[in-house]
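Using the hints provided, position chain Y relative to the given structure of chain S.
Protein chains: 2
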Amino acid sequence: MPTVMDPATSVAAPTRFIETKLATYAFRRFGRSDGPPLVCLQHFTGTLDNWDPAVVDAIARGRDVILFESAGVGRSTGEVPMTVQGMAAHFLAFADALDLRWVDLLGFSLGEMVAQVAALERPSLIRKMLLVGTAPEGGEDIMHLEKPELRRVLEDPNIQGLQKLVGLFFTPSAASQRSGQAFVARLMERQDDREPVSGPAVAQAQMTAFRAWERGDGERFAKLRSIAHPCLVVNGVFDRMIPVRNSYFLAGHLPNATLLVYPDAAHGSLFQYHESFVQQATLFLDGGGVGNG
Amino acid sequence: MPTVMDPATSVAAPTRFIETKLATYAFRRFGRSDGPPLVCLQHFTGTLDNWDPAVVDAIARGRDVILFESAGVGRSTGEVPMTVQGMAAHFLAFADALDLRWVDLLGFSLGEMVAQVAALERPSLIRKMLLVGTAPEGGEDIMHLEKPELRRVLEDPNIQGLQKLVGLFFTPSAASQRSGQAFVARLMERQDDREPVSGPAVAQAQMTAFRAWERGDGERFAKLRSIAHPCLVVNGVFDRMIPVRNSYFLAGHLPNATLLVYPDAAHGSLFQYHESFVQQATLFLDGGGVGNG
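Residue numbers (my numbering), protein chains in the order written: chain S, 1 to 293; chain Y, 1 to 293.
There's no promise every hint is true.
Unchecked claim - Reference excerpt, derived from the structure (chain Y facing chain S, CB under 8 Å, subset only):
no., residue
1, Val237
2, Ala251
3, Gly252
4, Ala257
5, Leu259
6, Leu260
7, Tyr262
To be verified - Far from chain Y by the CB rule (all over 10 Å, computed), these chain S residues:
no., residue
8, Ala8
9, Arg186
10, Asp192
11, Asp217
12, Arg225
These are calculated hints, taken from the structure and not from any lab test. All values reported here derive from a predicted model rather than from experimental measurement. Where a beta carbon is used, it is the ideal one built from N, C-alpha and C, also for glycine.
Looking at chain S on its own, in the form it has when it is part of the complex (with noise of 0.2 Å):
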């Protein structure tokens, strides 16, 4: 399949769909055409419209970018997996359907649990990841929304929307919070063709496979010593959907993984650092970065 360049950016592009033997999946495709392209693999509920223009545009003006929805998700067809190894088989699916050889990837949270999968099962497959706001398998404290200061955000009936996004992904200070604002502005600036929001459903099923990743199996942290490839983990020190110290077992484990951790940050991280964050992915993808990258 020949590569066709869309629009430059994630707010331009169409949604594209690509048809399976598991599912049918959107997908958008923007930028540059050379070199690997990034696929980026979304967080719980998330759907295609929730990647931050700010952040998928900007790396996009060096790079070829392939936004993912999973099975289920969106306007893909298919149930969602109650596993992170259900979704890997889906992202493996898709990137034999565009016939991707060899492609980085930037996995947000589940998003990236998905990639650690992928990773293992089909190591040739992948260049380089970036693991944000995520946990390796046997972490611990994963999407807990049953917690208080979680519980404050997603029952309080005046956050609405993707206000909840802003009290979920951003820390309480007069800073974070700024950024959460101008972070949700900017994911609705793409006004058509947008995905639908995820129902309960969805919410479950992922909420299934969190639940299965956090109990691991085998040996803790075993497998990551079989992913060998240059990670960038990043976070924000104030995660509290899946605390930094999962970035931090990340980062003991993994062979290669070189770690970055933002100040007065939450979950969206990537969001409220974005000039930092997309300078940062943009050094370690081009190779001239941080670690061994």
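Using the frame of chain S, we list chain Y on its own:
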């Protein structure tokens, strides 16, 4: 006192001396004169000759760099203080004598502990700080040279002189050991006008200071809340002298600290990854870098 520009590199810069009421300090100054100088505060038993040219000369391409020799070390007069606070008093006396009004600090290990105290005592003197391989007051497992993995290097009669640093500052991996050999070769690039190597009296006094720093006083890590300066905390994930969890404490309690941790690296991560470190330090100091820097 006017800025006198020395040669452009640490290898070529003459050792200079400045007298204060407390002591006469040796120092070297090199690089460009514009912008706040970067003052470098050295590690346990290290002298002016222990700064890696690949780090400080590369940074000096864009800024004024000053290497400071504290009291009782090298050719600086006086006694080595037995507290970090005493060492900070020497640094402040030195800064005043050179009429430094606003500086950046690169503190490595013990040197950065000195910088933390200086930041508390004279916050207006400091613009930004690079905290490398270090720990907060009240940190854990700080410089316990009696640990088997460190004794193995320190007591091996076949490991002499700078080769001790290869064993202590680098991991056992082949890549890290190669970096270590390149590092000690660079330390010998300067052939004349070198400092005397530190003896047991220096080590003993500094070790006393480490023990008091590790004990700490008052509410644990409370002082860090008052250090509002932009900070970049850097360490190797396998530091055996001052383990990386001390860097996690710093990132968790300093209000404006970004954290960068390198893979397969120990205490000397800044020397092992000197190209990346210089790039990251420059981004951070120039203000376009990580975090709020």
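Exercise. Using Cβ atoms only, decide whether Tyr262 (chain Y) comes closer than 8 Å to chain S, and label the hint accordingly.
Key: holds, 6 Å
**OP:** Beyond 10 Å from every chain Y Cβ: check whether that's true for Arg186 (chain S).
**Re:** holds, 20 Å
Exercise for the section: Double-check Val237 (chain Y) for me: the hint is only fine if its C-beta lies closer than 8 Å to a C-beta in chain S. Expected result: Holds. Min distance 5 Å.
* Hint check: 8 Å Cβ-Cβ cutoff, Ala251 (chain Y) to chain S -> It holds, given that the least Cβ distance between Ala251 (chain Y) and chain S is near 5 Å, below 8 Å.
Going by Cβ atoms only, is Leu260 (chain Y) closer than 8 Å to chain S? Since chain S brings a Cβ to about 6 Å from Leu260 (chain Y), closer than 8 Å, the hint holds.
Note to self: Next item in the hint list is Leu259 (chain Y). Is there a CB on chain S closer than 8 Å to its CB?
What the structure shows: holds, 4 Å
Cut-off 8 Å, beta-carbon criterion: hint that Gly252 (chain Y) touches chain S: holds, 6 Å
- Grab the minimum C-beta distance from Ala257 (chain Y) to chain S and call the hint holds if it beats 8 Å, violated otherwise. This hint holds: Ala257 (chain Y) lies near chain S, its Cβ roughly 5 Å from the closest one there, short of 8 Å.
Original post:
Ala8 (chain S): least C-beta distance to chain Y exceeds 10 Å?
Top reply: holds, 23 Å
Q) Is it correct that the beta-carbon of Arg225 (chain S) has no partner in chain Y closer than or equal to 10 Å? A) holds, 12 Å
- Taking C-beta pairs only, is Asp217 (chain S) more than 10 Å away from all of chain Y? holds, 25 Å
| request: Mind verifying the non-interface call on Asp192 (chain S)? Its CB should be farther than 10 Å from each CB in chain Y. | output: Holds, since 35 Å exceeds 10 Å.
Of the numbered hints stated above, none is contradicted by the structure.
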